[in-house]
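Participant: The task is simple: from the sequences and hints, build the whole structure.
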Amino acid sequence: MTWVRWLVSFVLGCLAGVVFHYVLYRMSLPVEPFIYMAF
Amino acid sequence: MSEQGEQSRLRRFLVPVPFLAGVVVAFVACCLGGHARSGRNCYRDFARFTGHTDPTTSYFPTACQLRALGRARLDPDKVVVVVGGNSILQGAGQARSEMWSNHLQTALGDRFAVLNFASVGALAAEFGEIAAEFLARDHPRLVYIADIGSAGTGGEPDGAIYRYFFWDAYYKGLVPFDRHREERLAELTAQRHKRGDEAFAELQRGQYLDAGVRFQDLWTWVTYQHVSTVWTPASPHYFLRARKVFPDPLTAPQPSLEQRYPVAVEGIAMKIVGAWGAGGLGMVQGGDRNCALARYVHDCFPEAVRPRTLILVIRDSPHYVSRLHSAEQARYAATFPATVRVLEANGLSALDVGGDYSDLDYVDRCHLSEQGGRRLAAEVAPKVRDLARRLGYLKQGGPR
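Order-wise, the sequence lines are chains A and B. At position 32 of the first sequence (counting the first as 1) the number is 32 in the working numbering, and the numbers step up by one without a gap. Residues are numbered in the working numbering as their position in the second sequence, beginning at 1, plus a constant of 1000.
Hints in this document: simulated from the structure, not taken from any laboratory. Hints may be right or wrong, so weigh each one.
[Stated by the list, open to error] Residues from chain A that face chain B, not an exhaustive set, calculated with beta carbons under 8 Å:
#1 S9
#2 V11
#3 L12
#4 G13
#5 A16
#6 G17
#7 F20
#8 L24
#9 Y25
Where a beta carbon is used, it is the ideal one built from N, C-alpha and C, also for glycine.
Facilitator: Below, the structure is given as structure tokens:
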């Protein structure tokens, strides 16, 4: 069942790649709320 | 279970080579997806940015999205009018169908195409202005309109509140070259690094990385089109909904006078109006070409942009202005023609707006009502037409 392990590993890797790309987006969002929300 | 046992189970289950191949393939696919999305317009039926498509709800429209929107919406045969500036020109207080920029479009006619890129809190030389600069590459017959007044003025060449947008456009090669701006940016960047401005350094790093990896173009599109993954106080129970499904939240019946001018905010409103009288005059003191406002114009509006820019210097509601002491009122009234004079002396066109407006022309201290919006459009249209004529945009066979 080697091919199943390879396939599962590949799919999990794909998920990790998407999450990594998304994490970069989330890290780019400001931590502080937008200035107008402070009023 | 021991840590060793877990590791050996993971090792039995996962094969490193296909796992890493999957990571690389998916990451590259996301980058390519971001690049592909950045060239396509996602804003169908766009009228203006709203509370669900602006940074107040952690939604940051990207420079490429605005370029794609401009390319999809604008006819190269028409004179393009890009409206920038803040919520006053965005039409806050006006229903979507009664936005002042719609009336401006009607008044200008078919030879013009008006696009409203004004956004909450944006200064005259940021966001909409940067968008106007890169749209002018495709549409050289372009007029840019923004506003200044007690609701906002000043800023740096890379903006203030919308600094992310400038650096997004800058690293993606959308900001046209201007020697003076580059020099000021180099100075400012060095100053900010020297004083350890980590937030700025991070912003620059993030935008630089995004120019290649395109996470903002991809995930902002996902947020708008499919699912929002960012919680926001504006929609705490529905934050997962795609932003496109939210109706324009700025639509509302016109409020009564009591609702427009509540007693609770009178103190702060009077403080802002009084301070603008003093602060506004301070900006124009020291000579038309050397005062603080002149330096702001030279730093923030590139030379190529100034001739095609119209700045509306918008007064506050007479509900508050009329309550100032007579000396303060005189100072307040003097600020506007002086501001217009300095702007025009430095190569911009300017218009003093609101001198004869009534309480009913506003919905609060500074935002115009639907009635005020109609008046504004009627005043601005001849000025835009005149500017377009002077720039040679209306000649037969003129530049496309």
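Participant: Does each hint fit the structure? Answer for all of them.
Facilitator: Structure-based check of all given hints:
1. S9: 4 Å, holds
2. V11: OK, holds: A/V11 within 8 Å of chain B, min 6 Å.
3. L12: 6 Å, holds
4. G13: Since the shortest Cβ distance to chain B is 2 Å, the answer is holds.
5. A16: 5 Å, holds
6. G17: 3 Å, holds
7. F20: With a minimum Cβ separation of about 6 Å from chain B (threshold 8 Å), the hint on A/F20 holds.
8. L24: 4 Å, holds
9. Y25: 4 Å, holds
Going through the hint list in order, the structure satisfies each hint without exception.
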